[in-house]
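Read in order, the letters of the sequence shown correspond to residues 1 to 218 in the numbering used here.
Keep in mind the hints are simulated off the structure, nothing from the lab. From the three backbone atoms N, C-alpha and C, an ideal C-beta is built for every residue, glycine too. Mixed in with the good hints, there may be bad ones.
Stated by the list, open to error - The calculated label-pair distances, taken between Cβ atoms and stated as ranges, are:
{"hint": "1", "residue 1": "Asn186", "residue 2": "Ala51", "range": "25 to 35 Å"}
{"hint": "2", "residue 1": "Glu34", "residue 2": "Ala187", "range": "24 to 34 Å"}
{"hint": "3", "residue 1": "Ala121", "residue 2": "Val38", "range": "31 to 41 Å"}
{"hint": "4", "residue 1": "Ile10", "residue 2": "Gly67", "range": "52 to 62 Å"}
As the list claims (entries may be wrong) - Each computed DSSO-like pair below joins lysine-lysine, with the alpha-carbon atoms no more than 27 Å apart:
{"hint": "5", "residue 1": "Lys87", "residue 2": "Lys191"}
{"hint": "6", "residue 1": "Lys43", "residue 2": "Lys202"}
{"hint": "7", "residue 1": "Lys100", "residue 2": "Lys50"}
{"hint": "8", "residue 1": "Lys142", "residue 2": "Lys101"}
{"hint": "9", "residue 1": "Lys202", "residue 2": "Lys100"}
{"hint": "10", "residue 1": "Lys114", "residue 2": "Lys124"}
{"hint": "11", "residue 1": "Lys142", "residue 2": "Lys50"}
{"hint": "12", "residue 1": "Lys158", "residue 2": "Lys100"}
{"hint": "13", "residue 1": "Lys87", "residue 2": "Lys124"}
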Amino acid sequence: KVLVPGLQPIESSIADLDKRIGDLQNERQLRSAEMEEVMAYRKLLYEKGKAQLEPIVLRALDDLDFGTSPGGLIPGTIHEIDGRTTKGSNSGILEVKSSKKPIAQSEFSPFVTKILADAEANKKYSKGILVGNGLCETEPDKRLGDSVFSPHVLDGAKLNSVALINSVELFWLCCAVLRGDSVDKNAIREKILTGNGYVDLKPFSGQSPFAMATLPAA
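Just need the whole structure built from these sequences, with the hints factored in.
Next up, the structure:
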């Protein structure tokens, strides 16, 4: 308890530093969480399955004001869907698929059954929207367009009024939203909800993030 001249200001300075360090650590945790949120969009390019790909697809569609809700069993049936959309000219049913090869007919056909079962259960037809991460181990800029879907799926989607979305192009579109570009979300949503077969999102998406990735460092 013996006082030493000059000790108290040093102790106060250390206490102040400890508080500032604590505040910085809290801020770093917040920024790290934000970083993880943004990095998650890369899952649209490479991930598979219910745990990784489906949640980021729902978030990406919400970025475009689709008003998604999680999937589950269609009431009164054994059929499970990956999600729903609630905004726009029609409601939508989501199916999310990923494959090292183009999305095959065997992965598409059960979705048609689900759409019909849902229409019977709810007395209302909802638009089928299939988001496909086909050729998922190929470089993203080499699998744009409809090549991620097999010819049978492209034909089947047109016949059954299902919109096919390339998840790489969905990523590209999300990049435009994240950049703050002027994105006509209503036009995009309606093109998907009224489109049959492959729906080209590239005209809405602005500068390609893949072209940016190949630019030399400043």
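Tested hints:
For the pair Asn186 and Ala51, the supplied restraint of 25 to 35 Å holds, since their beta-carbon distance comes to about 31 Å. Distance hint check: the CB atoms of Glu34 and Ala187 are about 29 Å apart, consistent with the given range 24 to 34 Å. Distance hint for Ala121 and Val38: a CB-CB separation of about 37 Å, consistent with the stated range 31 to 41 Å. Range check, Ile10 to Gly67: Cβ separation about 58 Å, and the 52 to 62 Å hint holds.
Of the supplied pair hints, the one linking Lys87 and Lys191 holds, its CA atoms being roughly 13 Å apart against a limit of 27 Å. With a C-alpha separation of about 19 Å, the suggested pairing of Lys43 with Lys202 holds against the 27 Å cut-off. With a C-alpha separation of about 16 Å, the suggested pair Lys100 and Lys50 falls inside the 27 Å cut-off, and the hint holds. Using a Cα cut-off of 27 Å, the hinted pair Lys142 and Lys101 holds, with the two alpha carbons roughly 13 Å apart.
Taking the CA atoms of Lys202 and Lys100, the gap is near 22 Å; set against the 27 Å cutoff, the hint holds. Between Lys114 and Lys124 the alpha-carbon distance is near 13 Å, which keeps this suggested pair within the 27 Å criterion. The hinted pair formed by Lys142 and Lys50 meets the criterion: a straight-line CA distance of about 25 Å does not exceed 27 Å. With a C-alpha separation of about 23 Å, the suggested pairing of Lys158 with Lys100 holds against the 27 Å cut-off.
Simply put, Lys87 and Lys124 have alpha-carbon atoms about 15 Å apart, close enough for the 27 Å limit, and the pair holds.
In summary, the structure agrees with every hint in the numbered list given earlier.
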